[in-house]
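Both chains come to you apart, so use the hints to assemble them.
Spelled out, the chains give:
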Amino acid sequence: MLRAVRLGCAGLFVLALAACATTQQINIEAPPKFSTTTAILLPPPDVELAELQASGIAEPRADWTETGTRNVMAALRNENTRRGVDFIELDYSALSPEEQAEIAQIEKLHRAVANSMLAHRYIPALRLPTKKSVYDWSLGPEVAVLRRANGGQGNYALFITLRDSFSSAGRVALQVVMALLTGYAPAGGAQIGYASLVDLDTGKVAWFGSVAKGTGDLRDPAGATKTVGTLLQGLPG
Amino acid sequence: MTWGPAFDRREVLRRLGVCAGGLSGLGLLGGCQSTSVDARVPEQRPPKNTDEAGLWLQMDKAEKQIAVSPRRVRDASLDAYIKGVICRVAGDHCRDMRVYVMRRPFFNASMAPNGMMLIWSGALLRMENEAQLAAVTAHEMGHFIERHSLENFRRLKNDADAAVFFGMVIPVLPVMLAIADVMAFSRAQELQADTIGLERMAEAGFAPGQATRVWENEMAERDADPKKEKHDPFLRTHPEIEQRLAGIAKEAKALEKPGQRVGAEDYQARIRPFRENFLEDELQLRQPERTLALLDRLTKTDPGAADLQHYTGEVHRLRHADGDEAEARTAYNAAIATDPGYARAWRGLGMLERSVGKHDAARSAFQKYLELNPEAPDAKFLQGYLAETS
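In the order they appear, the protein sequences are chains A and B. Following this note's numbering, the numbering of the first sequence begins with 1 at its first residue and continues without gaps. Following this note's numbering, the numbering of the second sequence begins with 1 at its first residue and continues without gaps.
The following block holds chain B by itself, in its conformation from the complex (with noise of 0.2 Å):
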């Protein structure tokens, strides 16, 4: 082991005194450093000997390999428009974030204590409007402004090395105490980050109710899964949901003011040039009755648009259960009808006619496509089938 100045003497004896007459109970060793912090105060790195820089480092780091991730939506005036809502909702904190966009087609959005916020593409193309782009980020926010990582890393310190000396004694209770603990801890911070996140976006003339509807959105396409526990990576650390989304409705109700700021428009006008990507990764999950109740709700605010009917064609050609072959021609139809350059949905329509056997039909849609698309990754395969079917 490395010995040398990393501890101090005096220490080791106050933790083995802890040690031997502490075992009536976690918390003396858990008390052992403070978890509790107070807000951050904007522009300001943490002194270098703390543990608070040392998570600082470790994300400083992560951040380097995010900057440059093939993940990443490198779009600058998308960032600019996402930084600009932020920066009406974080006040002070603005210059301290950053926000990367990443391809990764789940709902979810992520905040590290050095300023680096992460939006994943399926929580773009999930949201609405602008105030809800305000109220994911403002929760996000709030976890930052509170420091709740370096709380959750001090609680987990503390709890850890509870439990190893505990564990000595009875094996397995302090390991269950600890999870325990750090659970209800982080339920209790995303209740924080909840109230922090409406009041702020309240203040910067959102309309808080907004909040509720990303919620309801969410649950709404939740139940539409027959699976749905299976894949939930943002609802897995967060409380018992109804319970929580009842809070946020009360909450954002009593902020409720006439005249605050929606901003439908605005935002799906930014982020129409990215949904066709962003729809190609959803349909990679093979959740068909979930990107259907996705893509319904989306069409409710964005009727007739061809790359929302072209996927829908996709998802019912790929379930390929009862009835999808028609509904599947339909959509693709509708797409063309829209708009007859809408390549994706010649190569759709190509697809389904081909697996049907009505070879003729799927011919003059792929050539149609190559037209379209002469440079099309996948030209070369279908004029083999061209070829062979001629």
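The shape of chain A in the complex, shown without the other chains (with noise of 0.2 Å):
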């Protein structure tokens, strides 16, 4: 568990990195068409909110998490209806423990390939030789249990990961200071995360989105749908 917080925070440190860029997109090879009857399953979005403390350690906060959840979901449903597309709300809690320890696996997976994805992608000394010109990354056909979710069904996968962080009181105390006696500030809140759809048949990630910016708060509905809006710019249909 430690490693994926650590591998998780190295991949949140290098979108903070490319703070500079707000949004950048991935598609891999050609992107996919979507028609009426595609069916995008919408596993449960990771969000968490957290106050930035003065030292840089971010206190999660279980009630902003709570809204900005609430507020990224409603989202991303107006989103489903202004692009036409199907997008459906997985639920686990009927699977058995063997399916959902599967799909754990899953998320876990993703987690590594999409931290993967960011790190070779935006700092230009780690690309990696053979991604160069392609991206084919994968997370295998086991992706398929996802369907058992969903009756069988469903063509392909839309994974979230949101987080979004405000300045304390402190921090912002220290911003002052800092940037009294040096001329720079240390960095306050910022919201960072990154979407990917993958093809549910293939395990292939079709697609992929990330937003990295210092204004916007998902604790506020308008604002949710603004980041959201942002981070599936790209999305095909």
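Take the hints with a grain of salt, since some may be wrong.
One side only, chain B facing chain A, incomplete, derived with CB under 10 Å [to be verified]:
#1 Pro42
#2 Pro46
#3 Lys48
#4 Ala53
#5 Ala160
#6 Ala163
Hints are computed from structural coordinates only; laboratory data are not their basis. For each residue, glycine too, the CB sits at the ideal point set by N, CA and C.
Pasting the structure below:
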């Protein structure tokens, strides 16, 4: 678990570095074409809101996370209508413990793959020689297990991860002091996240988008709509 | 940065004031948020807008993963048995606690602030009776009841904040002070959990002296290990061990009464079905001296058990030092004498004879193994060997 957390931190750190570019999309091979019958499964988005302490420790906030998750879900439902594609919200609770265990492994694998994509995409020095022109990242055909949460139906799964943080009073004080003393202000709260569209037949990551910015607020429905819009900007369909 | 209602202007000014005027000591900034917490009230979830709810949020997420982890030992009756012992000690807090047995071959148990208790298989393998299980879980419960995770988190947060501000003046010192502060604090918490654990187990009718036994056993095993300082996830954060053990022994003695429960038979009957797998994991650690000390101790409480005899053989075979060949052969043969149907021992014996070039003896042992366990995962490999040597 610790290793996963560390990996996640590394991934988010990479995103934070790329904060100047607010969004990036990676299209792997040809972007998929959606039709009216395309079913996109939506695993529960991984959303977490935190307060940034003076030291830089992000303290998770349960109340903000609850509001933020609700707002992101509402924004996704709007996206759904706007785009005319079918997002199907998955609920794993009816699955057997074995199936849930399998899905938990897929989610972990997805985090690992997404973090690798972020690292090797955004840091030029880390570009992999074999992935310079192709982006053939894949989770493997085992992702088909996700269909079981939707009665065996579904073409793609859209994984969404979002982190939003807000400066605490202490952090703002630190920024003021550091700016006065050195002319440089340490980073404040930020919004970072990524979305990946995974083909459920092959496990291939068919599309990947990210967002990293210093403004915005998922606690606000309009803010969540804006962020989700930016995140899914390049999503085909 | 995300500006907005997250911070309050007056609070920023106050902290700036502290920072400008308070360079005289860590205490001022460290004192920005009180770290002291009251004991928890059963069945109470923290209010959503608190730091404690944030901790719970993360632990609830972790628990979802733990619950479906491939490392989890999924056995409803084992869970129920452990939970039963916990509930005798926990009183009203029982309903708020959930137990997960994890396949990890070290002695450890841990308690998360949201009520998730993890018990590692290495601990279940090493404990000898129900009172010892009560002692270990009651100690963890002590952390839970006193909300030590929250206290720690606040302490860490304050120290880290202070370190950032004071680091501007003297870069390294505040970090060192913060580390020393957190470590001293966690030692105090361990001692408090020891006391709570002993009192609660005695109150529930368990023999508190068994808490001392747990530690004595652990120390004896540690002493047997020539590389004892290296692998020690359990003891790393715990206070000076001898001193702590003396404290526990003294408190336990004061709480001893005639007729307190030890519960060796019940405990061992529950754990025995899992012991083989737990020993298999222990073997992977490749710490032969320590594992042999453990097996010796387990054999004293359960003499003539085929699995213990077999794993004694395995440790000797894999250590492969002077005299180990004979020791291993004796141990495998003892296991086979105890239970001729114990397939693993036939395999071990076969591997041993094969490694010393006694192919006939190896062949007949492997044949016996495959006869007893035709679906063995290594069946193809062994059939290849049999074909090669015939």
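Results of checking the hints against the structure:
Given hint, Pro42/B at the interface with chain A, is violated; its Cβ is 20 Å from that chain's nearest Cβ, farther than 10 Å. For Pro46/B, the shortest C-beta to C-beta distance to chain A is roughly 8 Å, which falls under 10 Å, so the interface hint holds. The restraint placing Lys48/B at the interface with chain A holds, with a minimum CB-CB distance near 4 Å, inside the 10 Å limit. For the restraint placing Ala53/B at the interface with chain A, the shortest Cβ-Cβ distance is roughly 4 Å, inside the 10 Å limit, so the hint holds.
A distance limit of 10 Å between C-beta atoms decides the matter here; for Ala160/B the minimum to chain A is near 3 Å, and the interface restraint holds. The beta carbon of Ala163/B comes within 7 Å of a beta carbon in chain A, closer than 10 Å, and the hint placing it at the interface holds.
The structure does not agree with numbered hint 1 stated previously, though it agrees with all others.
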